[in-house]
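Engineer: Read off the chains here:
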Amino acid sequence: MPDQRARGGGLGPLEAEVLRVLWDSGRPMPVREVAEAINAGRGSPLAYTTVLTVMSRLARKKILARSRSGRGYIYTPVAADSAEIAVRGVLAEFGDAALARFVEQVELDPGLRARLQGLLEKPR
Amino acid sequence: MTRWLRRAAGTACWPALGAAVAAHVALAVLAVAEYASLGWLLHTGYDLAAVTLVAATAVVGLAASSWVAARTAAGSRALRRLAVYHRRALPPAVRSAAVALGLAGRVEAVAAGEPFAVTCGLARPRILVSDGLAEALSPAELGAVLAHERSHLTHRDPARLLAARLLAAYGCYLPAASWMADRVALNRELAADRAALAQAGRGELASALLKLAALPACPAVAAARPAGDPAGSLEARVAQLEHGRPARPRLAMSRALATAGGLAVLAAAGLCCAGLAAAIQGGML
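Chains as they are written, first to last, in our numbering: chain W, 1 to 124; chain Y, 1 to 285.
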C-alpha cells in the first residue's frame, strides 16, 4: 500500500521511490546511482537534477543523512522505514504538545553521563 | 513549616492564576467598551495608556493561548494518526511489563527503531512506545519506564501540562511565565521518577535514562535535537536519584523582579480601567 505509507510518512511519490531504492540497497549511495536505479524500472526516465532536488529536500527534512565522499556526496536514510519517518516527524514537530516523554533526547554532557553511570554501579 | 507553606502556595496558585486571567479578560472587555463610549482618543494620556495596555495584553495573551491550543490539537491528531497507521503488536516484554503494572489496554506500540515512551491524550491518556523500546531495554528497565509513564497517566499529566502551557502563553510577555510552565513539567517528571522508584530499582531507572537520553550515533538526527539540557530537567532528575532531593533551577532574581513589576503595572492599569468604567456608569463622563 504505497499511498498509505506515503501519507503516514508525509512523503511525496518521488521521495518514497528514492527511499525505497536506498532501503533496498542497504548502503549509502550518490545521487547518480539512485537516479540510475529508479530509471532502470521506469518508462520515462527522470532527469538527474530532478532526483538531486528530491534528495536534497529529503536531506533538508533530515530524512536522509548526507556525507562527503570523494568529490560528491553520498546519502543514507536516517530511519529504517516510512513508519519510522512518520513517528520521528511527529515527535520532532509536536514534542512539546500535551505529551509527557520519558526523557528528551539530548546531547548528554559528560558530567551527567558519569553521574548516571555512577548510579548504575552502586546499588542502594 | 516551609514545606507546608510551599505546598499550600502550590495548591492556591492555580485557582489564583485562573481568577487573574478571568479578571484580565473582563477588564479588557471593559476597556473596549470604554473606547467605544468615550471615543478612540480618551481625554487624558494616562487613561489612554492604561486602557490600551489592558486591551493589548489581553489580545496578545489570547492569541498566544490559541496558538498553543491549535498546536496541541494538531499534535494530538498527528499522534492519533500514527497510532492508527503505524500500530504494531505490543512486544511480549512490553506486554508483560504493562500487565504487571495494571496497564493492560493503555499501552500501544508504534513502528520505530528509535526507543521512546510517551504519554499522550487529554481525556483518556495512553502510553505510546516504539517497538525499538523493547529491544533497547532489559525487562527491569522496561518496568521502570512504564512505571514512570503510569504516573503521568494516572495524574493526567498531559492535561496538566497543557493547562500550564496555556497559562504561560497567556502571560507570555511576563518573563517568569515560561519558567513556571517548565517548573510544572519538571515537577511532574520528578513525581513520575519517584513513582518509578517505588516499582523498580534506582539502577534500572538510571540505566533507562542513560540509554534513552543518549543521542543515536547518526549526526543527522543529532542536529534536530536541542543541545545540552536546556531546562535543567535531566540534571534535577539525576540529583533526585542521587540523594532524594532534586536541584530545581531557580528563577533568576532579575526575571522575578521584572515579572513583579509587570504585574504591578498591569494591576494599576486594570484599576484605572475599572475606575473609568465606574465613572461612565455613574454618568460622570
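Errors might be hidden in some of the hints.
For each label pair, taking beta carbons as the anchor points, the in silico distance ranges come out as [as the list claims (entries may be wrong)]:
id, chain 1, residue 1, chain 2, residue 2, range
1, W, L46, Y, Y173, 49 to 57 Å
2, Y, A9, W, G111, 31 to 39 Å
3, Y, A100, W, G43, 52 to 60 Å
It is worth saying that the hints were derived from the structure and are not from the lab. Even glycine gets a Cβ: it sits at the ideal position worked out from N, Cα and C.
Engineer: Each of the hints needs a verdict: does it hold here or not?
Structural biologist: Each hint, compared with the structure:
1. L46(W) <-> Y173(Y): 49 to 57 Å: Cβ of L46(W) to Cβ of Y173(Y): about 51 Å, so the range 49 to 57 Å holds.
2. A9(Y) <-> G111(W): 31 to 39 Å: 32 Å, holds
3. A100(Y) <-> G43(W): 52 to 60 Å: The hinted range 52 to 60 Å holds for A100(Y) and G43(W), with Cβ atoms some 56 Å apart.
In terms of the numbered hints stated before, the structure departs from none.
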